[in-house]
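Fit chains P and F to the known structure of chain W by using the hints.
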Amino acid sequence: MASTIRVRATSSGETTEVQALIQHPMDSGFIKDSKGELIPPHFIQQLTFEYNGKPVFTADWGGGVSKDPYVKFAFKGGKKGDELKVSWVDNKGATDTTTAKIQ
Amino acid sequence: MKLRSTIQFAAAAFALALLAFAAPPAVSADKVDPVADEKAFKKFFYDKFPKLKPEDFVNGPYSMDADLYKQWQDKEQFPPYEFSLELGKEMFSKPFKNGKTYGDCFPNNGIGIRQDYPTFDEKEGKVITLELALNRCREANGEPAFSYVRDEMAALTAYMAFTSRGKPFNIKVPNDPRALAAYENGKEYFYTRRGQLNFSCATCHVQSPGEKVRTEVLAPALGIVNAMPIYRSEWNGMGTTSRRFTTCNSQIRGVPLTPQDDEYRNVEYYLSYVSNGLPISGPGARP
Amino acid sequence: MTNTDNGFSATRRLILQGAGAVALVGLGNLPFGLAPAFAAANDKYPEEAFKQKSEADAIKSLYGKTAEVSDKVKMDAPEIAENGAVVPVSVTTTLADVTSISFLVAENPVALVASYKIPAGTMPSVANRIKMAKTSNVIVVVEAGGKLYSATKEVKVTVGGCGG
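Residue numbers (my numbering), protein chains in the order written: chain W, 7 to 109; chain P, 6 to 292; chain F, 4 to 167.
Here chain W stands alone, though its shape is the one from the complex:
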C-alpha cells in the first residue's frame, strides 16, 4: 500500500523547509454521521520528523487538526540528498513511517 505520508523537503543551503501532507480522517469524535451517530475519535496524536537520528520537529495533535493534515516548518542544516524520517501514531495505535530525500 502506498504510504499515507507525502513529504517535500527542500534545502536552501542554510535551512531545510519541510512540508508534509498525511492521509488520515482526523475524526474528532464530535461529528455525527448521516444516521446521527457520533463518529468515534480517530486522529493522529504524534508526528515526528527526524534528521540524522535526532528529532527536528514533533507535532502533538488533537482531533481539531483538519482531515488529511498538513504542516510546514523549517530547520537549520539539512543537505540535499540526505534523508528525513517521518512517522506518526494515532489514537488507535496505528502508525506509518516514511523517509524522504531532501531536495
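Incorrect hints may have been included.
[Claimed, not checked] In silico lysine-lysine, BS3-like type, Cα no more than 25 Å apart, as pairs:
1) F/159 <-> W/38
2) F/159 <-> W/78
3) P/128 <-> P/36
4) F/47 <-> W/91
5) F/77 <-> F/156
[To be verified] Chain P is faced by these chain F residues, among others (derived, beta-carbon under 8 Å):
6) 89
7) 91
8) 128
[What the hints assert, rightly or not] Negatives, chain W to chain F, calculated, CB over 10 Å:
9) 13
10) 86
11) 105
These are computed hints drawn from the structure, not numbers from a lab. Since this is a predicted model, take the numbers as computed values, not measurements. Every residue gets a Cβ at the ideal spot worked out from N, C-alpha and C, and that includes glycine.
Frame of chain W, contents of chains P and F only:
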C-alpha cells in the same frame, strides 16, 4: 373574468406582434449559434469583472475575494487533492484483467486530452463526456462501471485533467443538427428555473458570481468546468462534474437527474463550449 | 463540520455552569485515553491538555503557567474561513529560544488543536490547517526562554451548504 382574460390575451398577442417587428430581420431568434453564444457569454463575464484576466475565471470564487484567494494559495502549497491525483495516476496506468489499459481507449493514450471533452459522437448522435468515456472503456474491457459521483471516477478524471493543465478547452460543435440540438438543449437546461427555490444554474453562476449565497462566494459559470474534478472542503473530499451537477440540483431543492443523463451531458457540453480557450485547471480545490 | 455543534454545545454549556466534572466523566467513555506508548524517544503526548474544554485550562495543563500577549508573535489567519473544516493558520515569531508553539481554538469542543515541539536549530515558525466549529478566537502560544507569549485573532466561520 372572461373579459379580463380576453383583454390579457389580446395584449399578449399585441406584444408578440411588436416583438416580431423589433427582431432584426435576418437572424431568427431561435437560430442555434454557438460561436455568437461563446462571444456574448465571455463578454458578459469580462465586462462584469473588468479586473480579471480570462484565465482567472478557472479559479472560481478564489479570483473574486482576496481573503479566499490567500487561503487557496496556502492550500495549494500542498493541495488536498494530492492523494486523489496519485490514486488516479496509479489506477490509470494499471492494466485491466484483459491486459488493456485506459490509455488504449483514448487518443494519445489518454494523456493531455481532457480539454477535448465532451465530444460529439457523430455515429451515436450524442454528447460523450470524459466520465462517460471512462466507464465505457471499463465496460468494453469487461470491468464494471464506476459510480459517477464517487472517488474512483474523481481520481481518474483528476489525473487526466492534471495531464491537460494549462491546455485551452477545445470543444467542438460540429455542423450536425443533432450536435446543435444537444448544445441548445444544454443551454436551455442551464437557463431554466427549477426546484423549490426556482433557481436556474444561471441564477447563481451568471447573475450572481462573486456574490454570496448565505456566506459562500459563488463561482462564475465561465471556467467552472475547467477546474473539475474538485476537492471541496464542504464535501471533505473529491467530487466529479456529475457530483457537482447533482448537488447543485439538490441545493436548489430540485430533483437531480441520473448522473450522465442526456441533459447533464448536454449542459456540460454547453458550459465547456462557452469556456473554450480558457485553460484546464483541474483538479481544483474549492471551499 | 456541518454537524459539529450537535450535542456538543450542550455539553459545553453544562461545563460553564459548573458541572464540568460530570461532563468530563462522560467524555471518559470515548476511547480518548487509548494513546499507545509511542516508541520514539519523544516527550509524552499531553493527553490531559487535549481533554480540556477551555483554552486557559489547556494552556495550564500543557505548560503549568499563563501566557502574556506579545506583538512578537505574528499569527496569519483568515478573516473569514472559507470552510471551518480547513482553516490555514500559521505563526512566526522573533522571540529567541523558542521551545514550543501551540494552537488553540477557544470555541472548539476541545480547545487545544496542536502543540509543536521546536528543538534548538528548528525555526520558530509553523503553518498548519485546523478545524473550527464556529466563529472563535484562535490563540497561538509560543514558549520561549521558559516563558509563554501569545497572540489572538478572531476568525469568522460560516456553515457551508451552497456556493462553489
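Practice problem: Hints the structure violates: just list their numbers, smallest first. | Solution: Checked against the structure, the only hint that fails is number 8, while the rest are satisfied.
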